[in-house]
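2 protein chains.
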Amino acid sequence: MFFLTPVLVAVVCILIAWIFKNADGRSMEGRKGENRARAQTRPWVDEDLKDSTDLQQVEEDVDDWQESEENVEHIPFSHTRYPEKEMIKRSQEFYELLNKRRSVRFISNEQIPMEVIDNVIKSAGTAPSGAHTEPWTFVIVKDLDVKHKIREIIEEEEEINYLKRMGRQWVTDLKKLRTNWIKEYLDTAPVLILIFKQVHGFAANGKRKVHYYNEISVSIACGILLAALQNAGLVTVTTTPLNCGPRLRVLLGRPANEKLLMLLPVGYPSQEATVPDLIRKPLDQIMVTV
Amino acid sequence: MFFLTPVLVAVVCILIAWIFKNADGRSMEGRKGENRARAQTRPWVDEDLKDSTDLQQVEEDVDDWQESEENVEHIPFSHTRYPEKEMIKRSQEFYELLNKRRSVRFISNEQIPMEVIDNVIKSAGTAPSGAHTEPWTFVIVKDLDVKHKIREIIEEEEEINYLKRMGRQWVTDLKKLRTNWIKEYLDTAPVLILIFKQVHGFAANGKRKVHYYNEISVSIACGILLAALQNAGLVTVTTTPLNCGPRLRVLLGRPANEKLLMLLPVGYPSQEATVPDLIRKPLDQIMVTV
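Residue numbers (full-length UniProt numbering), protein chains in the order written: chain A, 1 to 290; chain B, 1 to 290.
Careful: at least some of the hints might be erroneous.
Copies of one chain are not kept apart here, so a pair can be met inside one copy or by any two copies together.
Stated by the list, open to error - Quick list of in silico lysine-lysine cross-link-like pairs, BS3-like style, CA-CA up to 25 Å:
#1 Lys164 / Lys281
#2 Lys85 / Lys207
#3 Lys175 / Lys85
#4 Lys89 / Lys164
#5 Lys164 / Lys100
#6 Lys142 / Lys164
#7 Lys89 / Lys207
#8 Lys89 / Lys100
#9 Lys85 / Lys100
#10 Lys149 / Lys100
#11 Lys100 / Lys175
#12 Lys281 / Lys175
#13 Lys85 / Lys149
#14 Lys207 / Lys149
#15 Lys281 / Lys149
#16 Lys100 / Lys207
#17 Lys142 / Lys175
#18 Lys100 / Lys281
#19 Lys207 / Lys142
#20 Lys175 / Lys89
#21 Lys89 / Lys149
#22 Lys85 / Lys164
I should point out that these hints are in silico values taken from the structure, not numbers from a laboratory. From a predicted model like this one, the values you see are computed outputs, not experimental measurements.
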């Protein structure tokens, strides 16, 4: 009896300890499973985006720099209004211009006027942004060696993406576009535009400044940039080089608060350029009126 | 001695149990803290986006519908090329047109030609999208009652956003724009465009179809839409109604795979419309050449 009691107590206590341990293990596993499901669901979310930046608390106290911006004057808005007929004509012509835009993966090495590049970037810079933070940096790469280094980095990572990271379904979905990890246009295009989003900025006193909705803002700017390129008669293909961001950022000497969002190779189409014979959804499949 | 042994064993075991329990508690707290930091860092990320959709595994087997798309034909690309002088002129004029765009929060109740709305939505629909998934739905609201219901939902949620969710810094950052939770334009604008991103689609057999980079794709389409509206002489303000998505989705009868990304009230500016006297960053602050 005296011998059994401590053994019994020990067994009960070990049982309790085991239950706690197990509960912890189960919840850890559940969480891991959740993360895995999340990663598989959005495989295109760059690993770079999961870095420490997202975890840091960036809200700062009000400072002088922001105080001064608060007091910005409000002025009457001056508007250019067209007669209804002209509005319809302009909107129709704009649609016809943009409807000719295609993602072109065969770009000639012919040089393009750099004044046009200045103008399309200035156009992109007119995009709205959360709290007018303008959280974008456009890096224009013309240098042949730098372009080739960019190609090497992207092809290295893209080969891993296609073979390992993307999964069978994604690779299948891209087959119709005949894309793979060989990106000749990175060498041939006279200009590469690398678009970085600034995940935060800096106030005059060096403190972090929050960039609200920075990815959406920069994507809107890219939409305007694509329209501007099409309007100027240049072609490009919208690419989001998966997991190449950190290496390209370092190559181009961009600061740590900037993350690569898109890369656009820009130029004239090559003589033998082809495009997949895709059609766009008709209006009644993308628009609903209430 | 015989009395002490079971007590000692019990104490040791309780200690072990307590250690396990505590370890679990600590890790839970750490995780909670991390989530809190994340929420505070990106307070503009809609709670709606954290719903179950993100956790579900959507990768599906290859099916016939996708097989057929793989075999799409590739055709020669036909291109409109302008002389260099014209390229420069066109790009300059496009910049000047877009540089006049401002976010206008005072919109007249005057009706606008709906043919123009059709054309600007068709223009937005020419945007590129990940694997050509075209993951967008544009809901055009003209009905006065529905517009007013939208206003009620947004003002209710926005009041909570301003008073509780956004934090002092964000509200301060917005002061210069003189925005608050009263959104008169939701009643006065003749048209509200609610832009939904389809977080996934459906294949012909009803299976889920992955929409790669759907938020970036839809944001690009919004950039083109803003350019198209400006080109037609209409004004708008880019808004992302925080946490209103689910209620607006239900109000408009949109399916669960669609999530509200943006809302654009569209019309002519009202006579007394004012805008903050903001300036845009000059080219050398947004562009770097390598």
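**Prompt:** Broken hints, numbered, in rising order?
**Reply:** Violated: hints 1, 2, 3, 4, 5, 6, 7, 10, 13, 14, 15, 16, 17, 19, 20, 21 and 22.
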